[in-house]
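There are 2 protein chains.
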Amino acid sequence: MTERIGYIGLGIMGRPAAVNLLRAGHPLWVWARRAESMRPLIDAGASACSDPAAVARQTDILFINVSDTPDVEQVLFGDNGVIHGAGAGKVVVDMSTVSPIATREWAARLEGAGVEMLDAPVSGGEQGAVAGSLSFMVGGKTAVFERVRPLFEVMGKNIVRCGEIGAGQVTKACNQIVISQAIAAVGEAFVFARRNGVDPARVREALLGGFAASRVLEAHGKRMLEHDFAPGFKARLHCKDMRIVLETAAQLGIGVPGAALATQYVNALVGAGDGELDSSAIYRLQELAAALS
Amino acid sequence: MTERIGYIGLGIMGRPAAVNLLRAGHPLWVWARRAESMRPLIDAGASACSDPAAVARQTDILFINVSDTPDVEQVLFGDNGVIHGAGAGKVVVDMSTVSPIATREWAARLEGAGVEMLDAPVSGGEQGAVAGSLSFMVGGKTAVFERVRPLFEVMGKNIVRCGEIGAGQVTKACNQIVISQAIAAVGEAFVFARRNGVDPARVREALLGGFAASRVLEAHGKRMLEHDFAPGFKARLHCKDMRIVLETAAQLGIGVPGAALATQYVNALVGAGDGELDSSAIYRLQELAAALS
Numbered sequence: 001m002t003e004r005i006g007y008i009g010l011g012i013m014g015r016p017a018a019v020n021l022l023r024a025g026h027p028l029w030v031w032a033r034r035a036e037s038m039r040p041l042i043d044a045g046a047s048a049c050s051d052p053a054a055v056a057r058q059t060d061i062l063f064i065n066v067s068d069t070p071d072v073e074q075v076l077f078g079d080n081g082v083i084h085g086a087g088a089g090k091v092v093v094d095m096s097t098v099s100p101i102a103t104r105e106w107a108a109r110l111e112g113a114g115v116e117m118l119d120a121p122v123s124g125g126e127q128g129a130v131a132g133s134l135s136f137m138v139g140g141k142t143a144v145f146e147r148v149r150p151l152f153e154v155m156g157k158n159i160v161r162c163g164e165i166g167a168g169q170v171t172k173a174c175n176q177i178v179i180s181q182a183i184a185a186v187g188e189a190f191v192f193a194r195r196n197g198v199d200p201a202r203v204r205e206a207l208l209g210g211f212a213a214s215r216v217l218e219a220h221g222k223r224m225l226e227h228d229f230a231p232g233f234k235a236r237l238h239c240k241d242m243r244i245v246l247e248t249a250a251q252l253g254i255g256v257p258g259a260a261l262a263t264q265y266v267n268a269l270v271g272a273g274d275g276e277l278d279s280s281a282i283y284r285l286q287e288l289a290a291a292l293s
Numbered sequence: 001m002t003e004r005i006g007y008i009g010l011g012i013m014g015r016p017a018a019v020n021l022l023r024a025g026h027p028l029w030v031w032a033r034r035a036e037s038m039r040p041l042i043d044a045g046a047s048a049c050s051d052p053a054a055v056a057r058q059t060d061i062l063f064i065n066v067s068d069t070p071d072v073e074q075v076l077f078g079d080n081g082v083i084h085g086a087g088a089g090k091v092v093v094d095m096s097t098v099s100p101i102a103t104r105e106w107a108a109r110l111e112g113a114g115v116e117m118l119d120a121p122v123s124g125g126e127q128g129a130v131a132g133s134l135s136f137m138v139g140g141k142t143a144v145f146e147r148v149r150p151l152f153e154v155m156g157k158n159i160v161r162c163g164e165i166g167a168g169q170v171t172k173a174c175n176q177i178v179i180s181q182a183i184a185a186v187g188e189a190f191v192f193a194r195r196n197g198v199d200p201a202r203v204r205e206a207l208l209g210g211f212a213a214s215r216v217l218e219a220h221g222k223r224m225l226e227h228d229f230a231p232g233f234k235a236r237l238h239c240k241d242m243r244i245v246l247e248t249a250a251q252l253g254i255g256v257p258g259a260a261l262a263t264q265y266v267n268a269l270v271g272a273g274d275g276e277l278d279s280s281a282i283y284r285l286q287e288l289a290a291a292l293s
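Protein chains in written order, with the working numbering: chain A, 1 to 293; chain B, 1 to 293.
Worth flagging that the hints you see were computed from the coordinates, not collected in a lab.
Hints are supplied without guarantee of correctness; some may be wrong.
For identical chains, the list gives no copy identity; a pair is met inside one copy or between any two copies.
[Unchecked claim] With a straight-line cut-off of 25 Å between C-alpha atoms, the simulated SDA-like cross-links for lysine to any residue are:
hint : residue 1 : residue 2
1    : Lys234    : Gly209
2    : Lys141    : Glu111
3    : Lys240    : Leu292
4    : Lys240    : Pro257
5    : Lys234    : Arg284
6    : Lys234    : Glu247
Note that the structure is predicted; figures quoted are calculated from it, not measured.
Extracted from the complex, chain A is given alone in its bound form:
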């Protein structure tokens, strides 16, 4: 049986992911808030729907890839939302990066209507979405995960079920907790080196040979050395993800002091008007604060 696939949210990440599903031969129904976002998909053979409920009525497995927690909530439960078209046996897969707490609440509401849900945030950026090499961090029931897995495999490569519903969002939050601090730490080290008259390129080389080695030191460290901050992962999106981390931590009463500190750099970068740069551009602020440029 070929599953009938829906895709809601056709932005930078959603559009190329949906194209990959279509190319793999899956019949596809789509909806996006801005009609022009649907155009490339329709040209490629997808069917446009009038609203999320219509997508839900047409399809068995429905992907959502929008910006933030309230956007997903609106798509699911707003006027003409998914809930008004979905029914028993259907699956909602949320690829957005949003609150794990809200995710668990949505899943419970959907379950009341017989609808299954997976949370499946990704990393890998636009490049990964185009290449079909996204990393998926998935939460939800094993049987539902196995049902959707062939579709994940069309869009991505490193697909890990992290636990029950919400576990994908929790893992994505952990990812951002680690990466934000890794970027800030590499920037601090490079500033420390420069103010001591040492070439940060030598520092990076030496550190890559030991326990300080990381993909951030390698990739983001290189951007910092070259002052090349073309994204990559945009600061304004990193900022949004860190807000989710800190809000979730506050709601649950968890202290994440390092992540909170690193978030300040990302916030300041966006506030300085550089939200479209890669988030490793916080190094610029660190240099400025150290009277370097």
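Fit chain B to the supplied structure of chain A, relying on the hints for placement.
Just chain B, lined up with the frame of chain A:
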């Protein structure tokens, strides 16, 4: 010409490094504050000296591997210090982890007596010292570095000249800036996961596949999952290294907020009586603070 080698400081790191020099066929003169520390070297064929000046008189290249900045200062310039036995053409190589600022001052004083100096702090721990696989971060003149390099190659594997005198200590400080924050960040992520009911082992697995991947996530993350905090790198030494980082930053007027924050965990761990554990044991404190155990 076989260089005559001196080795001062025969502790956990110095002793196995000196043994490797001796085994490689280099005549070796040694001194240590505690006479019994010299015994294994003398049994293996090294010559004991009465004080650092005596070692300096006997040898061409003199390694120092002691605990902290004042210890190196005492060995170099105290009563019967190296300066009283050293002369033109000799080389002092400091393998201790100490202040880069003090290092530059010492090198200038030694140069006044015709003595060359390299700073060459290491990473790799006791295991690396025994196996001859230490990483060397070296500062000093290229010609002096090349003269000593064959001896570094007896003791280590990843040998990088990072710049002029002091650059080795600066690079080691950068190493600790990055590692301290990486450990704290992984601990934060694991606590965040656990409080969200997600297995941190799954988080580690998922994150190792993406940009959050690091040797710390791999090695220290594994220790955290298993609550196995046998060192490794002892917290009390990490604590000492972070004091050097923060003192140097303060002296030069550099802000390293992330490193300062991570240092608080290491300080607290030592204060809790766990200075002999691996510094990844800060995870215990993070768990306690999150009402986990």
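How the hints compare with the structure:
no., hint, verdict
1, Lys234 <-> Gly209, "between (29 Å within a copy, 20 Å between copies)"
2, Lys141 <-> Glu111, "within (12 Å within a copy, 70 Å between copies)"
3, Lys240 <-> Leu292, "neither (28 Å within a copy, 28 Å between copies)"
4, Lys240 <-> Pro257, "both (17 Å within a copy, 22 Å between copies)"
5, Lys234 <-> Arg284, "within (15 Å within a copy, 34 Å between copies)"
6, Lys234 <-> Glu247, "within (20 Å within a copy, 35 Å between copies)"
Violated hint for the displayed structure: number 3, the only one.
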